[in-house]
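Use the sequences and the hints to build the structure in full.
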Amino acid sequence: MFLVTNDDGIEAKGLKELIDVIRSFGKVVVVAPAEPQSGMSHAITVKLPLRIKKISEEEDVVMYKCYGTPVDCVKIAFNHLMSEKPDLLVSGINHGSNSSTSVFYSGTMGAALEGCINEVPSIGFSLLNLDHDADFSAARIYIQRIIQAVIQNGLPKTVCLNVNIPDSVQDQIKGIKLCRQNMGYWREEFDKRTDPHGRNYYWLTGSFHNSEPDAVDTDEWALARNYVSVVPLHIDLTCYKTLRKLDDWKL
Numbered sequence: 001m002f003l004v005t006n007d008d009g010i011e012a013k014g015l016k017e018l019i020d021v022i023r024s025f026g027k028v029v030v031v032a033p034a035e036p037q038s039g040m041s042h043a044i045t046v047k048l049p050l051r052i053k054k055i056s057e058e059e060d061v062v063m064y065k066c067y068g069t070p071v072d073c074v075k076i077a078f079n080h081l082m083s084e085k086p087d088l089l090v091s092g093i094n095h096g097s098n099s100s101t102s103v104f105y106s107g108t109m110g111a112a113l114e115g116c117i118n119e120v121p122s123i124g125f126s127l128l129n130l131d132h133d134a135d136f137s138a139a140r141i142y143i144q145r146i147i148q149a150v151i152q153n154g155l156p157k158t159v160c161l162n163v164n165i166p167d168s169v170q171d172q173i174k175g176i177k178l179c180r181q182n183m184g185y186w187r188e189e190f191d192k193r194t195d196p197h198g199r200n201y202y203w204l205t206g207s208f209h210n211s212e213p214d215a216v217d218t219d220e221w222a223l224a225r226n227y228v229s230v231v232p233l234h235i236d237l238t239c240y241k242t243l244r245k246l247d248d249w250k251l
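For the sequence shown, position 55 (counting from the first letter as 1) is numbered 55 according to my numbering, and the numbering increases by one without interruption.
It is worth saying that the hints were derived from the structure and are not from the lab. In this text, a Cβ means the ideal position worked out from N, Cα and C, and glycines have one as well. Any given hint could turn out to be false.
Claimed, not checked - Below 25 Å or equal to it, Euclidean Cα-Cα: the simulated SDA-like pairs (lysine to any residue) are:
| # | residue 1 | residue 2 |
| --- | --- | --- |
| 1 | 27 | 137 |
| 2 | 192 | 202 |
| 3 | 54 | 67 |
| 4 | 157 | 145 |
| 5 | 16 | 150 |
| 6 | 54 | 81 |
| 7 | 27 | 67 |
To be verified - Pairwise CB distance ranges, derived in the manner of DEER restraints:
| # | residue 1 | residue 2 | range |
| --- | --- | --- | --- |
| 8 | 185 | 250 | 28 to 36 Å |
| 9 | 215 | 235 | 23 to 31 Å |
| 10 | 47 | 188 | 37 to 45 Å |
| 11 | 208 | 250 | 38 to 46 Å |
| 12 | 47 | 232 | 20 to 28 Å |
| 13 | 235 | 62 | 22 to 30 Å |
| 14 | 208 | 135 | 22 to 30 Å |
| 15 | 239 | 131 | 33 to 41 Å |
| 16 | 196 | 224 | 37 to 45 Å |
See the structure below:
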């Protein structure tokens, strides 16, 4: 049994493409947000009741929409919709990159990390194309390969994979690179505007800054050279090197 979710919403083309790939491996439960939830990271709904609705059921795929965040989708699936934990959780296919530090904002990866917390092997998939009608044909080939490898080999508990795929046709993608997460940040700007009633509001804009452009072992390096990047992530954020140094502080 497999669980599929995303952050672009139940109607997203990337979700439909991912379902079509994963159903070849077995039965699928889909729980996806009723509306797009990009940038929700690991947010959960706490001030409102959470609602779900079954929208379709076939022999091998049952689909629900959840009026909450991607992590809400995973939680409600684990705690209400599935009698046992799935063999694998897959999240995506996200429309747009989730490489480098974008992983901290990503609802796609928030859902995958929730799978980690529950010790379910999990993968987040993203395509470097924001178009709602993006071409996923090349991405599907690599997604199938990676899912097959995880099924065969497993993942350590509390570890998931962050997979980003270049927006290229199949014969232009050079292969898969196992990478570390690139260090960088978003140079955020807020475009100040005024509504018809004379009230100011702000629209988030900005651009990504690569803090280590010369590094050759990162996801950003791989994607810039038309490789699929695969980064293993884990939920323990402890900096053990600093933890040891803090012993000298004699706190």
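Practice prompt. Sort out which numbered hints this structure fails and list those numbers smallest first.
Written response: Of the numbered hints, 10, 12 do not hold.
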